[in-house]
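Residue numbers (the UniProt record's numbering): 1 to 307.
One or more of the hints may lead you astray.
Said to hold, decoys possible - Straight-line C-alpha distance at most 20 angstroms; calculated EDC-like pairs for lysine to aspartate or glutamate:
1. K73 x E97
2. K204 x D193
3. K73 x E34
4. K251 x D193
5. K251 x D128
6. K81 x E70
7. K204 x D253
8. K204 x E254
9. K53 x E34
10. K251 x E303
11. K251 x D304
12. K73 x E100
13. K73 x E99
14. K73 x E89
15. K204 x E190
None of these hints come from the bench; they were simulated from the model. This structure is a prediction, so every number in the text was calculated from the model and none was measured.
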Amino acid sequence: MIYLPSALMNRIMDIDQNASQVRKPPDSHALLHEMIRSFTTLARTLNLSHAVKELGSTRQTLRRHIALLEESKGVELFTVKDRQYHLTEAGRRALPEAEEVLARGDAWLSGQSDVINGLQYLRHVEPDGWCHFQQQKPISEVFTSTGTILEEVMCAWAQARGELEHEAFQAVRPYCTVSRRHEGNWLFTEVGDQSSFVTWFGWKRARSSIGSALGQMPGGDGFGRLVNYAYEEIEATRSVRLDHVFTLMPKGDEGVMMPICYERMLLGARYPDDSFAMITVVRRTYDVHINGVTHEMLRQMPEDMVM
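When you get a sec, could you build the whole thing from the sequences and use the hints?
Structure below.
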């Protein structure tokens, strides 16, 4: 093996000595957590007094946290004009990841989040009994599902090359819901007549949901962000994801909370104008396998709701 002198290697790689310096992160992980929380709170309120009150902190501490973050990252996160805070472009780019770091840290610490076989696992139980268990599955399990609808939709999606209006996708389209992102929310643009949404919530609510945002579930903003990560992943990768879910949802016109268990597949697709479309297909079934969810829990879903 031939070793090159470091000076020669630097010339080959065209290394900028200043840019290559590794910035040292804060020594304390606890301090880092509080710094990120200060950043996300100020980014949301854009008001120093409101952020300090919400954090139970002081102006001096919050300013120090922001200064340390900016020093560590080597970018300016905020500008101040007429005593009003504004996010810089670097601040806007940093915010989603910072919020995700907080959500993942809080969920991991409280046992709400884990990784099983390299895939996402979420659990949350409220004092009133509401719960949400979600376990990501290898996409190959689409082909071993006890039902055929997931495989049929996936094959049609592949033949259609992700084009929502392609002829190859039309036969399975009634089993799907379609949504697009608008101002941070996922809005329904289509609810298939044979989709799980219609047969669970009822025709009236399904038809009334066009243009509405996907419902905000209990569990808080942090847990909601982790649940929504699946949608963000598919939007970014334009790919496919499979999850098994057990939770409680309002059923029918009365909106009575009932247990529901299902396979859910998300697929990245395109509207005719080439903008992103999220296809969701859900199959209610007892044949889901989720860590911490027993057979008795699954059987609480009414048998006549199995698809």
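Here is how each hint holds up against the structure:
Between K73 and E97 the CA atoms are separated by roughly 13 angstroms; this keeps the pair inside 20 angstroms, and the hint holds. Proximity of K204 to D193 is assessed by CA-CA distance (about 11 angstroms); at most 20 angstroms being required, the pair is judged to hold. For the hint linking K73 to E34, the alpha-carbon distance of about 16 angstroms falls within 20 angstroms, and the restraint holds. For the proposed pair K251 and D193, the alpha carbon gap of about 17 angstroms is at most 20 angstroms, so the pair holds.
A threshold of 20 angstroms between alpha carbons decides the hint, and for K251 with D128 the separation of about 18 angstroms falls inside it, so the pair holds. Between K81 and E70 the alpha-carbon distance is near 18 angstroms, which keeps this suggested pair within the 20 angstroms criterion. Simply put, K204 and D253 have alpha-carbon atoms about 8 angstroms apart, close enough for the 20 angstroms limit, and the pair holds. Under the criterion of a C-alpha separation no larger than 20 angstroms, the hint pairing K204 with E254 is consistent with the structure, at around 12 angstroms.
At roughly 15 angstroms between alpha-carbon atoms, K53 and E34 fall within 20 angstroms of each other, so this suggested pair holds. At roughly 14 angstroms between alpha-carbon atoms, K251 and E303 fall within 20 angstroms of each other, so this suggested pair holds. With a C-alpha separation of about 13 angstroms, the suggested pairing of K251 with D304 holds against the 20 angstroms cut-off. Simply put, K73 and E100 have alpha-carbon atoms about 17 angstroms apart, close enough for the 20 angstroms limit, and the pair holds.
Between K73 and E99 the alpha-carbon distance is near 16 angstroms, which keeps this suggested pair within the 20 angstroms criterion. Restraint check for K73 and E89: satisfied, since their Cα atoms lie roughly 14 angstroms apart, inside the 20 angstroms limit. Of the pairs offered as hints, the one joining K204 and E190 holds, with about 14 angstroms between alpha carbons and a cut-off of 20 angstroms not exceeded.
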